[in-house]
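From just these sequences and the hints, can you work out the full model?
Chains A and B, in that order, give the protein sequences. Position 19, counted from 1, in the first sequence is what our numbering calls 19; the numbers after and before it change by one each time, with no gaps. Position 159, counted from 1, in the second sequence is what our numbering calls 159; the numbers after and before it change by one each time, with no gaps.
It is worth saying that the hints were derived from the structure and are not from the lab. Built from N, CA and C at the ideal position, the CB exists for glycine as well. Incorrect hints may appear among the rest.
[Unchecked claim] For each label pair, taking beta carbons as the anchor points, the in silico distance ranges come out as:
{"no.": "1", "chain 1": "B", "residue 1": "S42", "chain 2": "A", "residue 2": "L18", "range": "54 to 60 Å"}
{"no.": "2", "chain 1": "B", "residue 1": "R78", "chain 2": "A", "residue 2": "A75", "range": "58 to 64 Å"}
{"no.": "3", "chain 1": "B", "residue 1": "K128", "chain 2": "A", "residue 2": "W4", "range": "49 to 55 Å"}
{"no.": "4", "chain 1": "B", "residue 1": "F178", "chain 2": "A", "residue 2": "P101", "range": "57 to 63 Å"}
{"no.": "5", "chain 1": "B", "residue 1": "G33", "chain 2": "A", "residue 2": "V93", "range": "52 to 58 Å"}
[Unchecked claim] Sample of chain B residues with no beta-carbon within 10 Å of chain A, all distances over it, derived:
{"no.": "6", "residue": "A54"}
{"no.": "7", "residue": "H93"}
{"no.": "8", "residue": "R150"}
{"no.": "9", "residue": "G252"}
{"no.": "10", "residue": "E302"}
{"no.": "11", "residue": "Q357"}
[As the list claims (entries may be wrong)] A few chain B residues that don't get close to chain A, going by computed Cβ distances all over 12 Å:
{"no.": "12", "residue": "S110"}
{"no.": "13", "residue": "E119"}
{"no.": "14", "residue": "A123"}
{"no.": "15", "residue": "L124"}
{"no.": "16", "residue": "D162"}
{"no.": "17", "residue": "L183"}
{"no.": "18", "residue": "L243"}
{"no.": "19", "residue": "A325"}
{"no.": "20", "residue": "G340"}
Here is what each chain is made of, one letter per residue.
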Amino acid sequence: MGLWNRRLVLFVPYAWLLLFFLAPFVIVVKISLSQTAIAQPPYVPILDLSAGWRGLTTFFSALSFDAYRLLASDAIYLFSYLKSLTVAAISTVILVLVGYPIAYGVARSPRHWQPPLIMAIVLPFWTSFLIRVYAWINILQRDGLLNDILLRLHIIATPQAWLASDTAIYIGIVYSYLPFMVLPLYATLEKIDIALLEAAADLGCTPLRAFWMVTVPLSLPGIAAGVLLCFIPIVGEFVIPDLLGSSESLMIGQTLWTEFFANRDWPVASAIAVTLLAILVAPIMVYERLQRRHLETPK
Amino acid sequence: MDKSAALLRIENVRKQFGPLTAVDSLSLEINRGEFFALLGPSGCGKTTLLRMLAGFESPTTGRILLDGTDIVAVPPHRRPINMMFQNYALFPHLTVEGNVAFGLRQERLSRAEIAARVEEMLALVRLKGFNRRRVDQLSGGQQQRVALARSLVKRPRVLLLDEPLAALDKKLRAETQFELMELQRKLGTTFVIVTHDQEEAMIVADRIAVMDRGRLMQVAAPNDIYERPSSRWVAEFIGEVTLIEGALRADGILDSALGPLRVPENIAARGKAWLALRPEKLRLSATRPEENLNALPGTVFEVGYRGGVSIYKVRLADQSLVKVALSNSGPTEGQEMSIGAKLWVAWPKENGVVLTQ
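In structure tokens, the structure reads:
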């Protein structure tokens, strides 16, 4: 491959990132530093390049951190962030607890059974995400399937209100994100050599102990990948809490939506997004560091 | 405790995998302190037998006794038997030290004792100072020694070795064979090795069990198996051999298609038999040898020079080929036995082995 070809190959992904990630992000940061205005677009200042150098200086002097100050001054935003992080953390823990046995079961089933089982996990994704969340509304509502079954089994005496609660949010999130947890876990579990477990048994481990001493440590990269793949999008989740949750405590995605569409406060909405990104970069960096350490040095 | 020399007694063990009989009514005794080899072609059931000793498979029928106690129902983690796995099965998430200490940690020994025994073991396999290394940073030979240390550190009654040297290159394998023997003598542990490499089995083992299709073909010391094979199958599996078919007569003569051949004395069998001739037990001569030797005329068909020896393939009167190994101990120039040369293959009668099956 020639030098120019090689440069081209490198250029394409960088150009993609520049155009569709960095440029929009710069715009969002800029909006977050602006003031709301009853105008089109609904904020000032607007960069006017025709005014030359003067235009540029007035533009920059008009930028401020007012939106961020507002974010810090009103507890509603802090609660929103905390609510999102809590929901994401708890759902991710549930996802690991539910996803691990599934992934383990698939990885240990006979080889010819594995593709159909993986298919069964991925298959729901062929229907629209929205339709599946609406289906959960149907299941969870007062005269829905869940109450119906629980009443018939005499587990509950009167119909329960499942919808518009945190429970509904957790059910919806765990259901929707399960494949993102199962697939990376399956990928690492499936690679673990059975001979390693036999070696552990041979050296005196009961099957349960061999699981803790060998399988779990060797599947840590899969757990980390699954946790990251679930935790980050769950923090910003909007559709599931909006459709299944209550309107009392909002997740940050909902707050952002309200600022943007209901209040038409683009600077605050952008500030929320930028802050969220800053919060989420932290776990990604931790993961990167762990992975690098995993590659470089022993435990 | 059983007073006999046998440490492991395998009694009528059969292992069935669906329609396949991997091990068939096999009985075997392995002695205390012995270096025992299970040898056979792939698929002969030797690995299945080893896995039954380790506890990873249980026999369909039959018993396995360790010191007189049936261990068939004992799970692998409670057997005083350890195994060195074919591809070592080292734990990739642990260091050399972590791997070797793994088995001791399960015994809940004190930290100090574990450390001392790990050190002792690493010194024994010449890996002192490698404690903190990751196992994937080691060479094949070093990994092999970690695996050996890991399986020996628990001081097992029996050490099972599943093709322990198969992953090493030829030269390293030869060195390691002698190291294994030295280690076994030093520790006095009973070693049971599975190998498909007959040379390896002959070098390391005190006794060899030759297996084919789930059955024992012969159990004997290496030289007995080579010099006195019990059947044509064993003779052909171990080393090289030429078989001449014929009928045994009462006067010590085998009537073959190549004429009457003298066989060793004291052979009671009569009727159909085979005379087995090892290449190095035969000689070649340009002139007709003396009367008291068996001699067959032939033509040199092929010569294979192997350094220390040369292998001659000689075509006999009935068009069959016989292999003769000649030592190149003297100068090799001027040897008249090039391809196409007419000569005699000769041997004293005691150099042949009569096989009746």
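Now for the hints, and whether the structure bears them out:
With their beta carbons about 57 Å apart, B:S42 and A:L18 fall inside the hinted range of 54 to 60 Å. Taken as a hint, the range 58 to 64 Å holds for the pair B:R78 and A:A75, whose Cβ atoms sit roughly 60 Å apart. Hint check: B:K128 to A:W4, Cβ distance near 54 Å, so the stated range 49 to 55 Å holds. Restraint check, B:F178 to A:P101: a C-beta distance of roughly 49 Å breaks the suggested window 57 to 63 Å.
Taken as a hint, the range 52 to 58 Å holds for the pair B:G33 and A:V93, whose Cβ atoms sit roughly 54 Å apart. The Cβ of B:A54 does not lie farther than 10 Å from every Cβ of chain A; its closest approach is about 6 Å, which violates its non-interface assignment. Under the 10 Å C-beta cut-off, the non-interface status given to B:H93 relative to chain A is violated; the minimum distance is some 5 Å. Against chain A, the non-interface label of B:R150 is violated: not every CB pair exceeds 10 Å, the least being about 7 Å.
The non-interface label for B:G252 is consistent with chain A: the shortest C-beta to C-beta separation is roughly 54 Å, beyond 10 Å. With a least beta-carbon separation of about 43 Å from chain A, B:E302 lies farther than 10 Å from that chain, consistent with its non-interface assignment. The Cβ of B:Q357 lies farther than 10 Å from every Cβ of chain A, with a closest approach of about 38 Å, so its non-interface assignment holds. Listed as a non-interface residue, B:S110 keeps its Cβ farther than 12 Å from every Cβ of chain A; the least gap is roughly 16 Å.
Look at B:E119: its CB is around 18 Å from the nearest CB on chain A, clear of 12 Å, so calling it non-interface holds up. Once the 12 Å rule is applied to beta carbons, B:A123 is consistent with being away from chain A; the minimum gap is 20 Å. The claim that B:L124 lies off the interface holds: its Cβ sits roughly 18 Å from the closest Cβ of chain A, which is beyond the 12 Å cut-off. For B:D162, the requirement that its beta carbon stay farther than 12 Å from each beta carbon of chain A is not met, with the minimum near 10 Å.
At roughly 19 Å, the least C-beta separation between B:L183 and chain A is larger than 12 Å, which holds for a residue marked as non-interface. Every CB of chain A is more than 12 Å from the CB of B:L243 (nearest about 40 Å), matching its label as outside the interface. Residue-level check passed: B:A325 sits 40 Å from the nearest beta carbon of chain A, beyond 12 Å. Look at B:G340: its CB is around 54 Å from the nearest CB on chain A, clear of 12 Å, so calling it non-interface holds up.
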